[in-house]
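Enquirer: Spelled out, the chains give:
Number of protein chains: 2
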Amino acid sequence: MSVRKLVEVCFSPEEYVYYKNEFEIVVVIDVLRATSAMCTAFEYGVKSIIPVTSIEEALAYKEKGYLVGAERKGEIVEGFDFGNSPYSYMNEIFRGKEIVLSTTNGTRTIEQAKNAKQVVIGSFLNLDAISKWLLEQQKNVLCLCSGWQGKFNLEDSICGGAIADYLVSSGLFQSNEDSSIAAKYLFLEAEKSYFGFLKASSHRRRLRNLNLNEDIKYCLTPNQTTVIPVLKENKLVLQ
Amino acid sequence: MSVRKLVEVCFSPEEYVYYKNEFEIVVVIDVLRATSAMCTAFEYGVKSIIPVTSIEEALAYKEKGYLVGAERKGEIVEGFDFGNSPYSYMNEIFRGKEIVLSTTNGTRTIEQAKNAKQVVIGSFLNLDAISKWLLEQQKNVLCLCSGWQGKFNLEDSICGGAIADYLVSSGLFQSNEDSSIAAKYLFLEAEKSYFGFLKASSHRRRLRNLNLNEDIKYCLTPNQTTVIPVLKENKLVLQ
Numbered sequence: 001m002s003v004r005k006l007v008e009v010c011f012s013p014e015e016y017v018y019y020k021n022e023f024e025i026v027v028v029i030d031v032l033r034a035t036s037a038m039c040t041a042f043e044y045g046v047k048s049i050i051p052v053t054s055i056e057e058a059l060a061y062k063e064k065g066y067l068v069g070a071e072r073k074g075e076i077v078e079g080f081d082f083g084n085s086p087y088s089y090m091n092e093i094f095r096g097k098e099i100v101l102s103t104t105n106g107t108r109t110i111e112q113a114k115n116a117k118q119v120v121i122g123s124f125l126n127l128d129a130i131s132k133w134l135l136e137q138q139k140n141v142l143c144l145c146s147g148w149q150g151k152f153n154l155e156d157s158i159c160g161g162a163i164a165d166y167l168v169s170s171g172l173f174q175s176n177e178d179s180s181i182a183a184k185y186l187f188l189e190a191e192k193s194y195f196g197f198l199k200a201s202s203h204r205r206r207l208r209n210l211n212l213n214e215d216i217k218y219c220l221t222p223n224q225t226t227v228i229p230v231l232k233e234n235k236l237v238l239q
Numbered sequence: 001m002s003v004r005k006l007v008e009v010c011f012s013p014e015e016y017v018y019y020k021n022e023f024e025i026v027v028v029i030d031v032l033r034a035t036s037a038m039c040t041a042f043e044y045g046v047k048s049i050i051p052v053t054s055i056e057e058a059l060a061y062k063e064k065g066y067l068v069g070a071e072r073k074g075e076i077v078e079g080f081d082f083g084n085s086p087y088s089y090m091n092e093i094f095r096g097k098e099i100v101l102s103t104t105n106g107t108r109t110i111e112q113a114k115n116a117k118q119v120v121i122g123s124f125l126n127l128d129a130i131s132k133w134l135l136e137q138q139k140n141v142l143c144l145c146s147g148w149q150g151k152f153n154l155e156d157s158i159c160g161g162a163i164a165d166y167l168v169s170s171g172l173f174q175s176n177e178d179s180s181i182a183a184k185y186l187f188l189e190a191e192k193s194y195f196g197f198l199k200a201s202s203h204r205r206r207l208r209n210l211n212l213n214e215d216i217k218y219c220l221t222p223n224q225t226t227v228i229p230v231l232k233e234n235k236l237v238l239q
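Quick note, the sequences are listed as chains A and B, same order.
According to our numbering, the first sequence is numbered sequentially starting from 1.
According to our numbering, the second sequence is numbered sequentially starting from 1.
Each hint should be verified, as a subset may be incorrect.
Said to hold, decoys possible - Derived EDC-like pairs: lysine to aspartate or glutamate, alpha-carbon spacing no greater than 20 Å straight-line:
id	chain 1	residue 1	chain 2	residue 2
1	A	K151	B	D128
2	A	K47	A	E75
3	A	K151	B	E22
4	A	K20	B	E14
5	B	K47	B	E24
6	A	K132	A	E43
7	B	K192	A	E24
8	B	K151	A	E57
9	B	K117	B	E24
10	A	K235	A	E57
11	A	K192	B	E111
12	B	K217	B	E189
13	B	K139	B	D128
14	B	K151	A	E14
15	A	K5	A	E24
16	A	K97	A	D81
17	B	K20	A	E14
18	B	K20	B	E111
Said to hold, decoys possible - Simulated DEER-style distance windows between Cβ atoms:
id	chain 1	residue 1	chain 2	residue 2	range
19	B	R205	A	I93	49 to 55 Å
20	A	V17	B	S193	30 to 36 Å
21	A	E214	B	E111	43 to 49 Å
22	A	E111	B	E56	34 to 40 Å
23	B	Q137	A	E63	51 to 57 Å
24	A	K117	B	N21	36 to 42 Å
25	B	V230	A	E98	47 to 53 Å
26	B	E191	A	R206	29 to 35 Å
Quick caveat, the hints were computed from the structure, so don't treat them as lab data.
Since we're looking at a predicted model, the values are computed, not measured.
Where a beta carbon is used, it is the ideal one built from N, C-alpha and C, also for glycine.
Next up, chain A with everything else stripped away, as it sits in the complex (with noise of 0.2 Å):
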């Protein structure tokens, strides 16, 4: 008898209610760029992040002080500061705060997942670190990807594929899923070069077409930090 522990990928929030009953530990994937954003927000010294899903939200925060990021389709929401992308979180003025953050489905995979036992933010950019740290808990863990509005995404769905072939690899985890067995065969013919494969992607098209070719090259290197932000009572704060 098996006694290994599941690693599934599921491809959107809205396929979600098919998945969640078995699992413990949920890791969010938003890689284009909300997850990226937060592993950024972290490795430069923001103390917790409370997710929001609506702008209404954001802006009632905005009005107390907070700093809001907030972004829609790829862009910063007029009235906001900063959006999702990464590199608007490599600044001094982040350390130490209690920062606010919307984004078009990031923000919202977090919420479907919340009532998860764990729910654990995961990116390219903490690749190695969460995949240490879920094969140490030795729980049965989704890979819920954020996909762009319903729809599956490539990117999400290889980084999934990605944490459950170093689990699975270990010998003490098992993908019965058929959704996770094809985001590993994705990972493994995407991870000689993801900017290459995501090439014709459509949230890279996208993207590209808002002149965001540095987020998408930052978001697709691999292990450029080692935090893994978990929710705690509804905020993101470091493990």
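Using the hints provided, position chain B relative to the given structure of chain A.
Expert: For chain B alone, kept in the frame of chain A given last:
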């Protein structure tokens, strides 16, 4: 300016809502086994198939004297004579008949797609025939996978990827969605041996447990028929 038509792959009926607007032809795919069974039934002379979603409807047709198949979770529903094994349709009793079929995923997918301008039935069994026919139509094509109870599945996605790859290779079609790009990668990885590639797939495991390995081998063997079943007034007939 490109005048190429679109061919995209949607991984499950649940995601169809995010895709459905711009496609003139929807190819419904349920490789294991509904659309494979349908193709086989037409190859063996069935005149038409009425797809129904509920067991109640199926029973009502049975009481009226129709030949009715019903399958749930891989098995024939009690009280019906056949389910969705292609082998059960290799029988002279079906020749020239109008029959009724209700399956776990496939008939539900047809129901979802039925308001599209044109709905056709795809599987590995009629892969070349349907791909060539789609190429001739020169319309925007969505390959709609049935998945498994709301989740992504490998065999339908690979079949959709095969159709997309064929059409894009012609130079007359293009794919923009990440799901279509992923499906094509999975197809190119799988095409050397569908059976080997799908060894680990969840649905194959499920059917193997039901001793349906022969069914699986048959359903994964491309180009055993040239039939193109299309939906007309809620019935499937030969194109």
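Enquirer: Okay, which hints does this one fail, numbers in order?
Expert: 1, 2, 5, 7, 8, 11, 25
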